[in-house]
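Student: Following the hints, complete the assembly by docking chains B and C onto the known chain A.
Taken in sequence, the protein lines are chains A, B and C. Residues 2 to 352, numbered by my numbering, are exactly what the first sequence covers, in order. Residues 2 to 352, numbered by my numbering, are exactly what the second sequence covers, in order. Residues 2 to 352, numbered by my numbering, are exactly what the third sequence covers, in order.
Keep in mind the hints are simulated off the structure, nothing from the lab. Treat the hints with care, since some could be wrong.
Each pair may be met inside one copy or between any two copies, as identical chains are not told apart.
Calculated lysine-lysine pairs in the DSS-like style (CA-CA distance at most 30 Å, straight line) [what the hints assert, rightly or not]:
| # | residue 1 | residue 2 |
| --- | --- | --- |
| 1 | K97 | K51 |
| 2 | K317 | K337 |
| 3 | K170 | K317 |
| 4 | K95 | K170 |
| 5 | K7 | K95 |
| 6 | K262 | K170 |
| 7 | K265 | K170 |
| 8 | K191 | K265 |
| 9 | K51 | K64 |
| 10 | K262 | K196 |
| 11 | K262 | K95 |
| 12 | K64 | K196 |
| 13 | K64 | K7 |
| 14 | K317 | K262 |
| 15 | K95 | K196 |
| 16 | K7 | K51 |
| 17 | K25 | K51 |
Okay, here's what each chain looks like letter by letter:
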Amino acid sequence: MTATIKLGQLAEILGATLRGNEEKPITGLATLQEAGPAQLSFLANPQYRKYLADSQAGAVLLKAADAEGYGGDSLVVADPYLAYARISHLFDPKPKAPAGIHPSAVIAADAQVDPAASIGAFVVIESGARIAAGVTVGAQCFIGARSEIGEGGWLAPRVTLYHDVRIGKRVVIQSGAVLGGEGFGFANEKGVWQKIAQIGGVTIGDDVEIGVNTAIDRGALADTIIGNGVKLDNQIQIAHNVQVGDHTAMAACCGISGSTKIGKHCMLAGGVGLVGHIEICDNVFLTGMTMVTHSITEPGAYSSGTAMQPAAEWRKSAARIRQLDDMARRLRQLEKRVGDVTPDGNASSDG
Amino acid sequence: MTATIKLGQLAEILGATLRGNEEKPITGLATLQEAGPAQLSFLANPQYRKYLADSQAGAVLLKAADAEGYGGDSLVVADPYLAYARISHLFDPKPKAPAGIHPSAVIAADAQVDPAASIGAFVVIESGARIAAGVTVGAQCFIGARSEIGEGGWLAPRVTLYHDVRIGKRVVIQSGAVLGGEGFGFANEKGVWQKIAQIGGVTIGDDVEIGVNTAIDRGALADTIIGNGVKLDNQIQIAHNVQVGDHTAMAACCGISGSTKIGKHCMLAGGVGLVGHIEICDNVFLTGMTMVTHSITEPGAYSSGTAMQPAAEWRKSAARIRQLDDMARRLRQLEKRVGDVTPDGNASSDG
Amino acid sequence: MTATIKLGQLAEILGATLRGNEEKPITGLATLQEAGPAQLSFLANPQYRKYLADSQAGAVLLKAADAEGYGGDSLVVADPYLAYARISHLFDPKPKAPAGIHPSAVIAADAQVDPAASIGAFVVIESGARIAAGVTVGAQCFIGARSEIGEGGWLAPRVTLYHDVRIGKRVVIQSGAVLGGEGFGFANEKGVWQKIAQIGGVTIGDDVEIGVNTAIDRGALADTIIGNGVKLDNQIQIAHNVQVGDHTAMAACCGISGSTKIGKHCMLAGGVGLVGHIEICDNVFLTGMTMVTHSITEPGAYSSGTAMQPAAEWRKSAARIRQLDDMARRLRQLEKRVGDVTPDGNASSDG
Numbered sequence: 002m003t004a005t006i007k008l009g010q011l012a013e014i015l016g017a018t019l020r021g022n023e024e025k026p027i028t029g030l031a032t033l034q035e036a037g038p039a040q041l042s043f044l045a046n047p048q049y050r051k052y053l054a055d056s057q058a059g060a061v062l063l064k065a066a067d068a069e070g071y072g073g074d075s076l077v078v079a080d081p082y083l084a085y086a087r088i089s090h091l092f093d094p095k096p097k098a099p100a101g102i103h104p105s106a107v108i109a110a111d112a113q114v115d116p117a118a119s120i121g122a123f124v125v126i127e128s129g130a131r132i133a134a135g136v137t138v139g140a141q142c143f144i145g146a147r148s149e150i151g152e153g154g155w156l157a158p159r160v161t162l163y164h165d166v167r168i169g170k171r172v173v174i175q176s177g178a179v180l181g182g183e184g185f186g187f188a189n190e191k192g193v194w195q196k197i198a199q200i201g202g203v204t205i206g207d208d209v210e211i212g213v214n215t216a217i218d219r220g221a222l223a224d225t226i227i228g229n230g231v232k233l234d235n236q237i238q239i240a241h242n243v244q245v246g247d248h249t250a251m252a253a254c255c256g257i258s259g260s261t262k263i264g265k266h267c268m269l270a271g272g273v274g275l276v277g278h279i280e281i282c283d284n285v286f287l288t289g290m291t292m293v294t295h296s297i298t299e300p301g302a303y304s305s306g307t308a309m310q311p312a313a314e315w316r317k318s319a320a321r322i323r324q325l326d327d328m329a330r331r332l333r334q335l336e337k338r339v340g341d342v343t344p345d346g347n348a349s350s351d352g
Numbered sequence: 002m003t004a005t006i007k008l009g010q011l012a013e014i015l016g017a018t019l020r021g022n023e024e025k026p027i028t029g030l031a032t033l034q035e036a037g038p039a040q041l042s043f044l045a046n047p048q049y050r051k052y053l054a055d056s057q058a059g060a061v062l063l064k065a066a067d068a069e070g071y072g073g074d075s076l077v078v079a080d081p082y083l084a085y086a087r088i089s090h091l092f093d094p095k096p097k098a099p100a101g102i103h104p105s106a107v108i109a110a111d112a113q114v115d116p117a118a119s120i121g122a123f124v125v126i127e128s129g130a131r132i133a134a135g136v137t138v139g140a141q142c143f144i145g146a147r148s149e150i151g152e153g154g155w156l157a158p159r160v161t162l163y164h165d166v167r168i169g170k171r172v173v174i175q176s177g178a179v180l181g182g183e184g185f186g187f188a189n190e191k192g193v194w195q196k197i198a199q200i201g202g203v204t205i206g207d208d209v210e211i212g213v214n215t216a217i218d219r220g221a222l223a224d225t226i227i228g229n230g231v232k233l234d235n236q237i238q239i240a241h242n243v244q245v246g247d248h249t250a251m252a253a254c255c256g257i258s259g260s261t262k263i264g265k266h267c268m269l270a271g272g273v274g275l276v277g278h279i280e281i282c283d284n285v286f287l288t289g290m291t292m293v294t295h296s297i298t299e300p301g302a303y304s305s306g307t308a309m310q311p312a313a314e315w316r317k318s319a320a321r322i323r324q325l326d327d328m329a330r331r332l333r334q335l336e337k338r339v340g341d342v343t344p345d346g347n348a349s350s351d352g
Numbered sequence: 002m003t004a005t006i007k008l009g010q011l012a013e014i015l016g017a018t019l020r021g022n023e024e025k026p027i028t029g030l031a032t033l034q035e036a037g038p039a040q041l042s043f044l045a046n047p048q049y050r051k052y053l054a055d056s057q058a059g060a061v062l063l064k065a066a067d068a069e070g071y072g073g074d075s076l077v078v079a080d081p082y083l084a085y086a087r088i089s090h091l092f093d094p095k096p097k098a099p100a101g102i103h104p105s106a107v108i109a110a111d112a113q114v115d116p117a118a119s120i121g122a123f124v125v126i127e128s129g130a131r132i133a134a135g136v137t138v139g140a141q142c143f144i145g146a147r148s149e150i151g152e153g154g155w156l157a158p159r160v161t162l163y164h165d166v167r168i169g170k171r172v173v174i175q176s177g178a179v180l181g182g183e184g185f186g187f188a189n190e191k192g193v194w195q196k197i198a199q200i201g202g203v204t205i206g207d208d209v210e211i212g213v214n215t216a217i218d219r220g221a222l223a224d225t226i227i228g229n230g231v232k233l234d235n236q237i238q239i240a241h242n243v244q245v246g247d248h249t250a251m252a253a254c255c256g257i258s259g260s261t262k263i264g265k266h267c268m269l270a271g272g273v274g275l276v277g278h279i280e281i282c283d284n285v286f287l288t289g290m291t292m293v294t295h296s297i298t299e300p301g302a303y304s305s306g307t308a309m310q311p312a313a314e315w316r317k318s319a320a321r322i323r324q325l326d327d328m329a330r331r332l333r334q335l336e337k338r339v340g341d342v343t344p345d346g347n348a349s350s351d352g
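Isolated chain A, as found in the complex:
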């Protein structure tokens, strides 16, 4: 389970400057506070600098400036957090699935499964699907008709792809995610909802990550599209016809309504909701639980909601918000009246 790698080897892999014993065996990673003498730690956030001196870590990834005063073994790198990200995969206890098809899997005669792919127990792969080399399809996954998974993909157990879902290379999908569900399309006929068939598909770029229980619906006519390098956390809802630009990241519980288009390099914090049929430009940051009801055309950070208060105070604020239009009118009125009797008469504009 536990890998053992010498400190010198880690330095070589990272291109880091080694200070200390290159023969020291490293068996894992931990924080400065929790690391033991066989573990590597890292100092990325300056607020943890206070833990460096007393850390029991066998070695520490840090910047040159922080290495100066540190007496223990260290690997000096330009970006310790990025170095930690790289090295973390060497110590990942995640089991590696062997290539080959589990005998219990049910695979359509005309599906194409590369011999270097791994197909787990109770997997179903339907007609015309294609699984490329180096792909792992975890146990209990369902791969619908004509769906495709590009090289090096990793599907955790119990991922569902409907038909006509096209996935790029090196895509990671966590358990419970569903791609290609039928979007919420209904026409109203005298109060009764008539279903609209969802005849588009889903297109996922390369190097995408999709979290636990996240749903990405198929398009109504054309495809729902997720760009390259997009990272989607758990419990996210992506409705039909949405487009998400390259390298955009969304934290958990976001909901994106139908036909909305999100730019590149955006970041959505947890619980953000977007209405349908709007466009968000590149490089937008939305803070947690923001409700977005119109397009955003300027990069930058945006928010909605109110700050938390003790509940008793909150009830007063909430009641006052409902009186706010009245308050604003009364303030304007007062300004006018005070303007009549005070020397510097003109009040500020009402906006």
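Tutor: Just chains B and C, lined up with the frame of chain A:
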């Protein structure tokens, strides 16, 4: 995969007035902007009228008024969006499952499965369950003891019904949905939560649609009830004992707390939350992410939340909201004082 | 399906004072309004006292004070709701799974499954996993490498545990829940997200309940930790490295961001969101849909958000909130000016 239907046949199916070549083969549907010469499009929303003239669509579904100035082939109908909804199913690439039971399925000896039902791979059907004619149970579904699925239902792969879940006719359930989970019922005994068995079931009406990863809990004592024609999008939470009236629609990520009763023909936009033990009357529309903390007795539209702002401005607004009660009192005080010194003394009421 | 228990036996089980016919057969539980002559009901909430006199219930669980004026059969207890919780399990129609391993299950040679455990159809149990006595693993569950489930646990069908998930005794997990998913950890390298391996695990205490489709991610380095007696409802997101204290309860749709620590005996209503890296002390109550952006150090109730309004009024309030900083400054200005001309010059402080 691709159906081909002559324009004349489509006119006949829809009862539409055909203008143009009845022999023209139609192979699919697309928007006015994306449709090619073998595709049918539609003009429903007036804001897309600008795309009509330049559309490459082989034919267009439109109203008589819009057909006047249009030179291409067309099908004239009273409601183009509804016509598109109807015709969409003819071009749906969704695979049709053959009747019969997959040999890998595990079915209790006393379960009743109609010979005209289709049961997929790795399905489990428990004791006393009943599957009617024309039902499709997708691969990896679980149908608990005594649960029933009415005629013509369609369960996508990996849907879970616990025991005693009764489903009407023509119900569609997307992957990952769970019906009949044990609701959140606990009695607090000196700080420790004691579980209450959830002994009710779930009753789902006819023509209901349930989205990806949506959860509908069983009742604590009586059933949780979903009316006829209700449409639930993805990632929705319906707690125990909730009742949802006929033809109500909820967009994704809504959460309905226990014992709340929602009327008929309501519409809940995405991310709406309702507290428990309240009643919403018929014909209520709740805008996105609204928090509903008390019953609604008048039809109409309701909202909560704040409008999005650039984060720097939002921080100021959020801070001011916490001062709002103080501001309101100061405003009232000012009005009184200004009333003492100005001619039109009486300020407006505090509400 | 239906248990029949004599009223005298129920009195004995509960240690209740029986008033009435100890031979009366009880076949189920129902509310005061819905109970029939063979059903037991309960009066816990004083607001339902009005239904007592006309109830058709065969017997009622109630307090001594309420029993005085009641003519029907009754079981007098100190806490009727708690008594109902205890007795409810006797009437639970949930099927009991027999001990043993379903022949379709795929179990690694070195996994340890106690003979008194029940393993359902299409279950996968991977290398080194351990399933204790009295555990039920429902159909289609996946138990990853080295994961452990303590005595008396109950997993509904289709629950997924990744590798290295350690679960205490008597833990209940509903369908669709995923424990041990890879948390959302990425380092940004010039706009491109580099994945950080999630090498920690998940530790779940005793007597925990986890709802439908809830996700609990594994830790990035150390474990994500859920304390004893914690109750998590449906559709919840627990991010990597979160710690939840003993006996805390969360209603559906809550989202807890990474590394946040929640105390003991807290209650989170539905849809609450917490940002990452904060601490919530013991005995905190968060009302529905509250957004928590900083640590809480004092026990008590907290809220955010705005109260619902008719949409037309809401639009005005929402517009005014964006003007609030301007309004506050104008109010301050007015106070200063009015202070110059009125007798009691000093306005209340701005802060």
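Student: Take the hints in turn and mark each one as holding or not.
Tutor: Results for each hint:
no.: 1; hint: K97 with K51; verdict: neither (38 Å within a copy, 55 Å between copies)
no.: 2; hint: K317 with K337; verdict: both (28 Å within a copy, 21 Å between copies)
no.: 3; hint: K170 with K317; verdict: neither (54 Å within a copy, 45 Å between copies)
no.: 4; hint: K95 with K170; verdict: both (20 Å within a copy, 25 Å between copies)
no.: 5; hint: K7 with K95; verdict: within (21 Å within a copy, 54 Å between copies)
no.: 6; hint: K262 with K170; verdict: within (23 Å within a copy, 36 Å between copies)
no.: 7; hint: K265 with K170; verdict: within (19 Å within a copy, 44 Å between copies)
no.: 8; hint: K191 with K265; verdict: between (41 Å within a copy, 13 Å between copies)
no.: 9; hint: K51 with K64; verdict: within (15 Å within a copy, 58 Å between copies)
no.: 10; hint: K262 with K196; verdict: both (24 Å within a copy, 25 Å between copies)
no.: 11; hint: K262 with K95; verdict: between (35 Å within a copy, 26 Å between copies)
no.: 12; hint: K64 with K196; verdict: between (58 Å within a copy, 21 Å between copies)
no.: 13; hint: K64 with K7; verdict: within (20 Å within a copy, 70 Å between copies)
no.: 14; hint: K317 with K262; verdict: between (38 Å within a copy, 28 Å between copies)
no.: 15; hint: K95 with K196; verdict: between (42 Å within a copy, 14 Å between copies)
no.: 16; hint: K7 with K51; verdict: within (27 Å within a copy, 67 Å between copies)
no.: 17; hint: K25 with K51; verdict: within (25 Å within a copy, 71 Å between copies)
Consistency with the previously given hints fails for numbers 1, 3, ordered from lowest to highest.
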